[in-house]
Amino acid sequence: MHPFLGLIRHDLRLAGRQGGDIGLVLGFFVLAVILFPFGIGPEPELLRRVAAGIIWVAALLAAVLSLDRLFAADYADGGLDLIALSAMPLELAVLAKGAAHWLTTGLPLVVVSPVLALFVDLDPAALPSLALGLLLGTPAMSLIGAIAAALSLGARRPGVLLTLLVLPLYLPPLIFGTAAVEASLSAEGARAHLLLLAALTLAALPLAPLAAAAALRQALD
Amino acid sequence: MSPFPETAELVGENLACRRGERLVFAGLDCRLPAGSALVLTGPNGSGKSSLLRLLATLLVPAAGRLVWDGAPVARDPAGHRGAVHYVGHLDGVKPALTPREMLGLWAALRGVRRPATDAALASFGLERVADWPCRWLSAGQRKRLALARLIAAPAPVWLLDEPGAALDSDGEARLHAVIAAHRAAGGRIAVATHQPIAMPDATILALDDFAAPFGEPPVI
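Those protein sequences? They're chains E and W, same order as listed.
Going by this note's numbering, the first sequence opens with residue 1, and the numbers climb by one from there.
Going by this note's numbering, the second sequence opens with residue 222, and the numbers climb by one from there.
Quick caveat, the hints were computed from the structure, so don't treat them as lab data.
Any given hint could turn out to be false.
[To be verified] Derived list of chain E stretches under chain W, where covered just means 3 residues or more per stretch with a C-beta under 8 Å from a C-beta of chain W:
| no. | segment |
| --- | --- |
| 1 | 3 to 10 |
| 2 | 14 to 20 |
| 3 | 86 to 95 |
[Unchecked claim] Computed footprint of chain E on chain W, listed as stretches where at least three residues anywhere in the stretch have a Cβ under 8 Å from a Cβ of chain E:
| no. | segment |
| --- | --- |
| 4 | 277 to 288 |
| 5 | 304 to 311 |
| 6 | 374 to 380 |
By construction, the Cβ of each residue, glycine as well, lies at the ideal position given by its N, Cα and C atoms.
Could you put together the complete structure from these sequences and hints?
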């Protein structure tokens with residue numbers, strides 16, 4: 001088996017065996033979204049106005065929550081040494097870790113987002129652009145998150161540092177993701193925003209592994 | 222058995238290692254010809270583990286270079302990674318997975334299509350626990366599992382950091398047998414150890430001899 005596929009299979013198996021991780025992320029996502037109607041009141045008009053923002057922000061925070069396990073466990077138990085010594089470049093290994101991370105967090109978030117949209121009374125006509133936006137934007141979030149996760153290795157409070165590093169970097173997907181939902185309800189259409197989200201992911205695909213691998217080498221030294 | 226050149230030699234030339242501000246050792250030469258064993262000795266902190274990580278290219282030497290089969294390792298790092306096995310203090314074993322699954326991952330990472338998983342488990346007596354979650358394994362069994370990856374995927378150079386730690390006498394005997402077989406097949410071994418390891422005609426490398434003078438500013 002190619003090392004790339006082998007590493008993805010390993011991470012998926014690990015995530016499946018420790019099912020709590022996926023459940024935690026989804027649970028956080030659902031709870032965070034449900035809190036908003038309680039906080040800002042149940043008026044459908046108001047909720048509908050902020051629905052896209054609520055779902056995107058909650059998805060973003062849920063993704064951050066799961067980032068610390070991307071490299072930290074391998075760093076602590078020596079698995080990262082073996083990944084660094086594998087037959088593939090470290091950049092490719094980062095891509096494999098990022099892919100497994102997306103499959104176990106990003107994809108589940110995409111799948112439950114239409115259901116959550118009901119809680120905040122999002123216009124059903126906007127559902128496709130919400131789900132499609134998340135589908136295009138969450139891979140970029142996993143990849144950008146990998147940079148922050150690699151940079152925070154060895155820090156005293158890695159979780160806090162990681163959050164501070166990554167949240168500003170998540171602004172572009174947040175902006176275009178919510179704009180896509182807004183635009184899909186107007187004559188403008190969501191196409192332009194969705195294309196920008198896709199562009200973010202396509203740019204992160206080669207660049208994030210380069211940056212994260214450089215940070216991992218620093219951490220290993 | 223292995224696709225690696227039988228006469229290849231791993232040579233470290235004038236190696237120096239720096240950890241933070243401290244120069245751990247400098248001016249160190251070592252060679253690992255086919256069938257050889259190099260035993261690293263020295264007190265704690267003398268740089269045994271650092272030298273092994275350096276030979277594995279996990280650390281970048283502050284000075285000097287590594288040469289494998291006549292060519293500088295820096296020119297073909299991926300080829301060198303394929304030639305070395307590194308077994309350190311940390312074993313990378315995931316408590317939720319089974320020994321068989323861990324060996325499968327380690328072999329896959331090395332690009333091995335048909336890993337000798339069963340032979341690896343058998344050579345360290347892990348058949349009985351092969352499908353248990355690793356969280357049920359004892360420290361000695363985890364060490365055996367980490368060592369079993371030497372067998373699951375072949376590599377001509379083994380770099381072992383305290384391989385005897387946590388092993389019982391049966392485990393040590395198995396380790397010695399595996400090392401002897403590896404050397405007989407032309408393999409090379411560098412091992413850092415405090416325990417006496419029975420290895421005929423092993424070269425002893427005392428890292429103390431290369432310790433950088435204390436207080437002197439590092440000259441690199």
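Against the structure, the hints come out as follows:
no. : hint       : result
1   : 3 to 10    : holds (count 6)
2   : 14 to 20   : holds (count 3)
3   : 86 to 95   : holds (count 4)
4   : 277 to 288 : holds (count 5)
5   : 304 to 311 : holds (count 5)
6   : 374 to 380 : violated (count 0)
Of the numbered hints listed earlier, the single one contradicted by the structure is hint 6.
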